[in-house]
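Colleague: Now for the letters of each chain:
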Amino acid sequence: MTDRYRSFTNSRTGRRVASRLGLPRPAELRRYQPGEPLLPGPALLTATGNGQLSEILARVLDAAGVELHGVDDGRRRLSAIVVDATGVMGVADLAEVHATVGPALKRLQPSGRLLLFGRPVTDAGSTGEAAARQALDGLMRSVAKEVRAGATANLVVVDDGAEGSLESTVRFFLSGRSAFVSGQSVQVAARPTSTNDSPDWVRPLDGRVAVVTGAAQGIGAAIARVLARDGARVVCADLPAQGERLAEVANEVGGTGLQVDITASSAPDRIAGHATGRHGGLDVLVHNAGITRDRLLANMDAATWSSVLSVNLEAQLRINDGLLRSGALGAGSRIISASSTSGIAGNRGQANYAASKAGIIGMVRAAAPELASRSATINAVAPGFIETDMTASMPLAVREVARRLNSLRQGGQPVDVAETIAWLAQESSAGVNGQVVRVCGQNLVGA
Amino acid sequence: MASTVRRAAVVGGNRIPFARANGPYRHASNQDMLTTALDGLVARFGLQGEQLGEVAAGAVLKHSRDYNLTRECVLGSRLSPSTPAYDVQQACGTGLETTILVANKIALGQIDAGIAGGVDTTSDAPIAVSEDLRRVLLDLNAARDVKSRLAALRKLRPGQLKPDAPDNAEPRTGLSMGEHAAITALEWQISREAQDELTVASHRNLAAAYDRGFFDDLVTPYLGLTRDQNLRPDSDAAALSRLKPVFGKRLGDGTTATMTAGNSTPLSDGASTVLIASDEWAAQRRLPVLAHVVDAETAAVDYVHGEEGMLMAPAYAVPRLLARNGLALLDFDFYEVHEAFASTVLATLAAWEDADFCKRRLDLDSPLGPIDRSRLNVAGSSLAAGHPFAATGGRIVATLAHLLAERGSGRGLISICAAGGQGVVAILEAG
Numbered sequence: 013m014t015d016r017y018r019s020f021t022n023s024r025t026g027r028r029v030a031s032r033l034g035l036p037r038p039a040e041l042r043r044y045q046p047g048e049p050l051l052p053g054p055a056l057l058t059a060t061g062n063g064q065l066s067e068i069l070a071r072v073l074d075a076a077g078v079e080l081h082g083v084d085d086g087r088r089r090l091s092a093i094v095v096d097a098t099g100v101m102g103v104a105d106l107a108e109v110h111a112t113v114g115p116a117l118k119r120l121q122p123s124g125r126l127l128l129f130g131r132p133v134t135d136a137g138s139t140g141e142a143a144a145r146q147a148l149d150g151l152m153r154s155v156a157k158e159v160r161a162g163a164t165a166n167l168v169v170v171d172d173g174a175e176g177s178l179e180s181t182v183r184f185f186l187s188g189r190s191a192f193v194s195g196q197s198v199q200v201a202a203r204p205t206s207t208n209d210s211p212d213w214v215r216p217l218d219g220r221v222a223v224v225t226g227a228a229q230g231i232g233a234a235i236a237r238v239l240a241r242d243g244a245r246v247v248c249a250d251l252p253a254q255g256e257r258l259a260e261v262a263n264e265v266g267g268t269g270l271q272v273d274i275t276a277s278s279a280p281d282r283i284a285g286h287a288t289g290r291h292g293g294l295d296v297l298v299h300n301a302g303i304t305r306d307r308l309l310a311n312m313d314a315a316t317w318s319s320v321l322s323v324n325l326e327a328q329l330r331i332n333d334g335l336l337r338s339g340a341l342g343a344g345s346r347i348i349s350a351s352s353t354s355g356i357a358g359n360r361g362q363a364n365y366a367a368s369k370a371g372i373i374g375m376v377r378a379a380a381p382e383l384a385s386r387s388a389t390i391n392a393v394a395p396g397f398i399e400t401d402m403t404a405s406m407p408l409a410v411r412e413v414a415r416r417l418n419s420l421r422q423g424g425q426p427v428d429v430a431e432t433i434a435w436l437a438q439e440s441s442a443g444v445n446g447q448v449v450r451v452c453g454q455n456l457v458g459a
Numbered sequence: 025m026a027s028t029v030r031r032a033a034v035v036g037g038n039r040i041p042f043a044r045a046n047g048p049y050r051h052a053s054n055q056d057m058l059t060t061a062l063d064g065l066v067a068r069f070g071l072q073g074e075q076l077g078e079v080a081a082g083a084v085l086k087h088s089r090d091y092n093l094t095r096e097c098v099l100g101s102r103l104s105p106s107t108p109a110y111d112v113q114q115a116c117g118t119g120l121e122t123t124i125l126v127a128n129k130i131a132l133g134q135i136d137a138g139i140a141g142g143v144d145t146t147s148d149a150p151i152a153v154s155e156d157l158r159r160v161l162l163d164l165n166a167a168r169d170v171k172s173r174l175a176a177l178r179k180l181r182p183g184q185l186k187p188d189a190p191d192n193a194e195p196r197t198g199l200s201m202g203e204h205a206a207i208t209a210l211e212w213q214i215s216r217e218a219q220d221e222l223t224v225a226s227h228r229n230l231a232a233a234y235d236r237g238f239f240d241d242l243v244t245p246y247l248g249l250t251r252d253q254n255l256r257p258d259s260d261a262a263a264l265s266r267l268k269p270v271f272g273k274r275l276g277d278g279t280t281a282t283m284t285a286g287n288s289t290p291l292s293d294g295a296s297t298v299l300i301a302s303d304e305w306a307a308q309r310r311l312p313v314l315a316h317v318v319d320a321e322t323a324a325v326d327y328v329h330g331e332e333g334m335l336m337a338p339a340y341a342v343p344r345l346l347a348r349n350g351l352a353l354l355d356f357d358f359y360e361v362h363e364a365f366a367s368t369v370l371a372t373l374a375a376w377e378d379a380d381f382c383k384r385r386l387d388l389d390s391p392l393g394p395i396d397r398s399r400l401n402v403a404g405s406s407l408a409a410g411h412p413f414a415a416t417g418g419r420i421v422a423t424l425a426h427l428l429a430e431r432g433s434g435r436g437l438i439s440i441c442a443a444g445g446q447g448v449v450a451i452l453e454a455g
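Residue numbers (my numbering), protein chains in the order written: chain A, 13 to 459; chain B, 25 to 455.
Treat the hints as calculated values from the structure; they're not laboratory data. One should not assume that every hint holds.
Said to hold, decoys possible - If you want the footprint, here are the derived chain A segments under chain B, 3+ residues with CB under 8 Å:
| hint | segment |
| --- | --- |
| 1 | 256-262 |
| 2 | 287-293 |
Unchecked claim - Reference listing, derived: stretches of chain B covered by chain A, where coverage requires no fewer than 3 residues with Cβ under 8 Å from a Cβ of chain A:
| hint | segment |
| --- | --- |
| 3 | 68-76 |
| 4 | 234-240 |
| 5 | 307-319 |
| 6 | 403-414 |
For every residue, glycine included, the Cβ atom is placed at its ideal position computed from N, Cα and C.
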């Protein structure tokens with residue numbers, strides 16, 4: 013649905029009115045288009061102290077055709093500020109980050125990027141080092157709230173030895189794929205085995221077979237489109253009752269439609285049978301299907317509670333279990349599950365939904381080590397306010413407030429969730445495992 | 025020219041749920057419904073942009089503008105526009121006849137894959153001008169000068185303006201399909217109870233099949249309808265017994281009428297498609313082979329002069345098909361006998377069990393039946409699903425192929441009666 017306020021404040025008159033009245037002016041976000049350069053303008057790449065990533069980051073950015081500057085001349089407009097802060101050893105080193113990032117931020121272009129790289133707090137050599145590492149997180153989150161015009165700030169926490177696993181993540185955060193992802197911290201682990209070392213960045217999912225549940229409409233349909241655009245053969249799955257729209261989506265993306273109730277005990281077999289039978293395998297499983305049945309907990313009957321838990325959580329657990337046990341999801345496979353900011357922050361009237369979505373986070377974290385041992389990954393995305401039929405049916409005032417409650421002052425698009433999932437689905441994202449990535453424009457709710 | 029034949033494989037099917045006349049598909053045309061059914065099949069099997077050998081389909085009730093209906097549907101679908109198509113019309117036998125046509129071309133190696141199907145709407149029916157008015161208008165069109173135009177126009181009468189809507193009366197007898205069936209029901213003494221019992225079984229079987237997800241890979245919802253509209257899962261004999269007879273009321277002494285709106289199929293709208301291919305074509309695309317088309321037969325009877333009931337032709341087609349394939353009627357795991365009317369199914373079964381009929385009419389020394397009734401229409405049939413004439417064959421072929429694939433082995437018999445005293449029958453065998 014169109015955001016009329018955003019359209020207005022981006023018109024000539026609207027811009028003047030908004031600036032006179034001091035009203036927020038949501039930007040038109042830069043979104044990914046195949047064939048476009050990674051960044052529209054130059055990037056500043058700096059390192060603090062004894063940063064260990066400068067070389068690899070320079071190589072990645074150079075390969076992506078980014079105009080790179082190691083020194084800030086104080087005049088140049090920047091599309092991205094990339095800071096290797098892996099050398100931060102103590103609180104004093106943070107001043108260096110401040111000294112480089114601060115002035116450069118003023119020249120950050122619309123939809124610009126601040127991308128920080130740090131090390132995990134958990135393996136810091138001292139308490140002081142841990143404190144300084146964690147401090148980067150607070151700095152990043154604050155900058156994400158300070159930058160304007162669609163710019164974002166994010167932090168990549170790089171495990172020791174994960175330097176070689178960074179490329180897909182660097183590309184994601186700098187590109188328009190991460191338009192609605194801001195204020196996030198993502199950890200990248202050393203990838204267990206070397207996968208495809210020279211991926212095709214235009215069709216990073218070429219030859220992969222993906223199953224998307226809930227694909228008949230909204231975010232699920234957007235996921236199917238983006239995965240297909242990136243080269244995947246997509247099995248579009250949804251309830252039999254959704255078959256008419258499902259067939260349209262499947263035909264649009266050149267995939268196949270699978271009418272299946274994910275809560276049925278036969279669902280794992282039917283999904284595996286279709287993917288392997290028709291397409292020769294199953295590489296990417298996207299658990300997108302979900303329902304809401306909102307009620308205050310005190311007024312909620314057992315059926316309302318259990319229907320949401322059954323569809324949103326139990327079905328995923330059963331399907332993952334079945335597909336992993338049967339080997340249908342093998343080495344190199346990717347599971348991506350839809351959580352929600354409600355699962356992180358809770359939401360009035362959504363105890364069942366929030367429980368299911370928080371459960372997803374638990375599932376992803378608990379299953380990650382097992383998946384890693386199979387050279388596979390499991391991650392969750394947690395969408396915030398996304399413009400869908402569901403949010404379009406909210407009362408006007410509630411919708412307007414909900415839209416502006418994030419640092420980008422607007423709702424995200426289904427494609428923003430889809431792009432994040434497509435990044436996690438890539439073979440070269442092997443180092444990203446057990447993560448929960450919010451696609452919420454840094455929503456105030458749920459931190 | 026191919027010197028050998030190969031077996032054609034049924035890969036799968038797709039249909040839209042069948043609706044009752046003037047129901048949710050009231051404003052859907054044959055072209056809308058068949059295109060949607062084709063696109064659902066394309067989605068199920070990933071056939072976007074695929075050039076197939078042919079698409080054969082048809083409709084019984086057809087607008088004159090739809091002369092190239094199937095080809096137009098192909099052009100409107102996600103199939104490659106270079107897929108040829110043609111229309112077939114053999115009344116209620118259309119859907120099965122198109123299956124036979126496509127399967128035969130595949131068997132002969134003329135094509136590798138094709139789609140058979142059918143569609144019908146009794147809601148969006150063609151309405152024509154009366155025959156008298158049509159003649160006046162044709163004369164008017166042919167007139168070259170004012171005088172002859174006026175002469176043509178002088179023949180106009182108000183009564184000619186009454187539109188001519190299609191009805192289901194047989195042109196040569198003036199009797200409706202139901203009245204014909206009622207004559208046969210009376211002749212074979214088919215009881216009301218037996219007809220209602222068969223009707224209940226059809227509804228219960230169809231409902232159970234939906235409930236266990238059997239149709240998840242066979243039906244794609246359309247215009248808000250997710251299951252066949254006519255289906256009454258809680259149908260029971262007591263409720264059916266309260267319905268008043270609608271056919272055969274003028275036969276006998278008037279107390280013998282047994283056919284009601286419950287144990288007869290309603291006028292329906294819907295479309296069905298079946299994907300048929302060679303084994304190699306299916307394997308190349310990693311598509312399943314649910315069943316193979318073994319053989320088929322068509323028969324016709326002289327119902328005009330009263331020698332046989334109008335819907336009894338399958339009783340003749342089946343023994344000929346069995347003999348050619350060296351099979352007995354009992355050699356089947358599934359029997360799909362189209363339920364135009366419950367009495368039609370029961371009369372056909374009764375004929376096969378009747379030694380006299382089998383001797384005199386079929387020239388057989390012993391009766392063909394009785395069959396194991398638990399193998400009859402196990403996933404429901406037309407009484408519950410509805411019967412959009414040309415779409416029924418495709419529904420039955422796809423359903424039987426799925427039943428055989430589920431079972432993993434075995435053989436099924438399809439028997440479909442059609443207007444004009446015709447019957448189309450076929451044998452499918454598991455993959």
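Colleague: Taking the hints in turn, state whether each one holds.
Modeller: Hints versus structure:
Interface restraint, the segment 256-262 of chain A with chain B: holds (5 residues with C-beta to C-beta distance below 8 Å; minimum three). With 4 residues having a Cβ less than 8 Å from any Cβ of chain B, the segment 287-293 of chain A passes the three-residue criterion, so the hint holds. Under a criterion of three residues with beta carbons nearer than 8 Å to beta carbons of chain A, the stated coverage of the segment 68-76 of chain B is upheld, 5 such residues being counted. Counting residues of the segment 234-240 of chain B whose beta carbon lies closer than 8 Å to any beta carbon of chain A gives 3, which meets the minimum of three for the stated coverage.
Only when three residues or more bring their CB closer than 8 Å to a CB of chain A does the claim for the segment 307-319 of chain B stand; here the count is 3, and the claim holds. Given as covered by chain A, the segment 403-414 of chain B fails the check, having 0 residues with a CB less than 8 Å from a CB of that chain where 3 are the minimum.
In terms of the numbered hints stated before, the structure departs from hint 6 and from no other.
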